[in-house]
Amino acid sequence: MSFLTLTHLQKSFGPTKVVHDFNMAIEKGEFISFLGPSGCGKTTVLRMIAGFETPTGGSIVINGRDQTELKPNQRNIGMVFQAYALFPNMNVFDNVAFGLKIAGKPKAEIAARVQEMLKLIHLEHLADRYPYQMSGGQQQRVALARALAPKPQVLLLDEPLSALDAKIRVSLREEIRQIQQQLGITTVFVTHDQEEALSISDRIVVMNAGRADQIGTPFEIYNRPATRFVASFVGTLSLIDATVVNASESTVKLGEQVVSLKKPLPKGEGEKITVAMRPECGSLAEGARGDIAINGKVASSHFLGSVIRTKLDVGGPVLSFDMFNDPGRAPPAVGETVTLKVAADDLMVLAD
Amino acid sequence: MKRFWAWGALIVGLLYFILPLIGMTNFSLKMRRGVYSFDAYAVVLGDPRFQQTFTYSVTLALLTIIVGVVLVVPTAYWVRLKLPWLRPYIEFITLLPLVIPAIVIVFGYIRLYNTSSWLPLTATSLGTDALLVFGYTTLALPYMYRAVDTGLRTIDVTTLTEAAQSMGAGWFTIIGKVILPNVLLAVLSGAFLTFAIVIGEFTMAALLNRPAFGPYMQLLGANRAYEPAALAVIAFVITWGCLGLIQLVSRFQKSAQRPV
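Quick note, the sequences are listed as chains A and B, same order. Just so we're aligned, residue 13 is where the first sequence starts under my numbering, counting upward by one. Just so we're aligned, residue 3 is where the second sequence starts under my numbering, counting upward by one.
Among the hints, a few may not be true.
Using 25 angstroms as the maximum straight-line C-alpha spacing, the simulated DMTMM-like pairs for lysine to aspartate or glutamate come out as follows [said to hold, decoys possible]: (1) B:Lys179 - A:Asp106; (2) B:Lys84 - A:Glu65; (3) B:Lys179 - A:Glu65; (4) A:Lys265 - A:Asp253; (5) B:Lys84 - A:Glu81; (6) A:Lys265 - A:Glu283.
It should be emphasised that the hints constitute simulated quantities derived from the structure, not laboratory data.
Work out the full structure, taking the sequences as your base and the hints as a guide.
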């Protein structure tokens, strides 16, 4: 049986329904990310798990116990907020000790646990500091230690990295994942940053307009998006209109060429479908792998160091593709006519 | 030219305020004929009634501060947290004591709580004292509420509350350990204003017939020559002391809340 089960969870604010029939089963020790644009309902689901919002319908069960009607302070759930939310009147030690004091733990046990937590986040030397004396990254690590100190059954992270600068964001997300694995704590992480979600999650829930569009591993979400929304939200995609030539042979007309996509097609002969391409799937190199050749004119070419990001005008849609820098070869020039090779396997057919 | 008028206005204004004070202080020092002395102050400070009424008013001021804090902090907090739409109404209510004269309030009290009413608070001194404390709390409400509300604005009330809740804290713990300590400086500045108001208040104490400092000042003023001036100077020093403490506290608050 799953550790955290959300069944038919719904939430409306007045006439506006923000979460529609949300179902999910999370295993013990799993790291789950809710990914989606702002307003998609991901934070609302998280806040319902925490108890800050009361569901309009459905149930939340943690470790076999129904939590739906419980108050936030009865759930034993750790939460980390975007704005850190450290108590400004307390130093680091007292912030981390807060939950333990409320639980009425003996002093010696509190001191030991706080030390253990500070060691975990590598901030033992800052126990006497006040929040305003620390950087954002340090504050957020303290907030993490504070949430973990009372040994919560679930850890909730509400966009904890959004307020930090790019470098800290990457190092802290790795630290969060490492701590999560070390403690084996079931974690739900809310983010609108796909790179964050892809890099640290066991599974990702892509949310759109209050619904879970797809639940899957980062690999599945990226490579086999279930809906057009998931495909376009996660990663960059170039969309190409195609016409089905023969559904049983999976052949479609792409521009002027007829190619086999080698996968089942959702529509019949003569109907239009959308074919999508990830930027890393195209190649310009001579003799490159790829059974589809698309001719086009280079619309833009950006040298980003290790990667060259190019947009190719193929007489209608503009395809975006990335290739690795090759010191022996100059990047494509704007206006140059080139041939892009793509393997049919790498193209995705979107259902809607 | 513009600067000349600005300085002129400032000097006229200062003279307008300071001259009577200088005159009064000067007069208060002239009890002994021909020389400056603190005789009037010695008389005032040595008067047992001064000590009694002053102690009484200080006690009531402290009680008023406690009642005010207990009433205003949870209210302002709750309004910010759960009922933000109620804020304009609450602000309006807290402003009422500025437009309703104290005498109206105290007559209302006497009518409602007299000896033949359902709650005869004026029947005992303790009851009357309680009534006076509630009256003072009402008078100080505009200042106390604004001070606390401004203090609450500087912290993220909602997130701090949720953080404390997720760690198992109940409402009492949240208000006592998280909210109050973070608005303590704002509460203190409200408390000093309350103190200054209560020490100088006359109407309520006189009409409820309680031995407060305000009625004592009035009594002395009606019967003596030099002592009232000395008493007025003492009262000014107390009030200004309170205002000075507010300044000190707010400066401390600014340095304590350095940006991250």
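Tested hints:
no.	hint	in the structure
1	B:Lys179 - A:Asp106	11 angstroms, holds
2	B:Lys84 - A:Glu65	13 angstroms, holds
3	B:Lys179 - A:Glu65	24 angstroms, holds
4	A:Lys265 - A:Asp253	9 angstroms, holds
5	B:Lys84 - A:Glu81	19 angstroms, holds
6	A:Lys265 - A:Glu283	10 angstroms, holds
No hint from the list above goes unmet by this structure.
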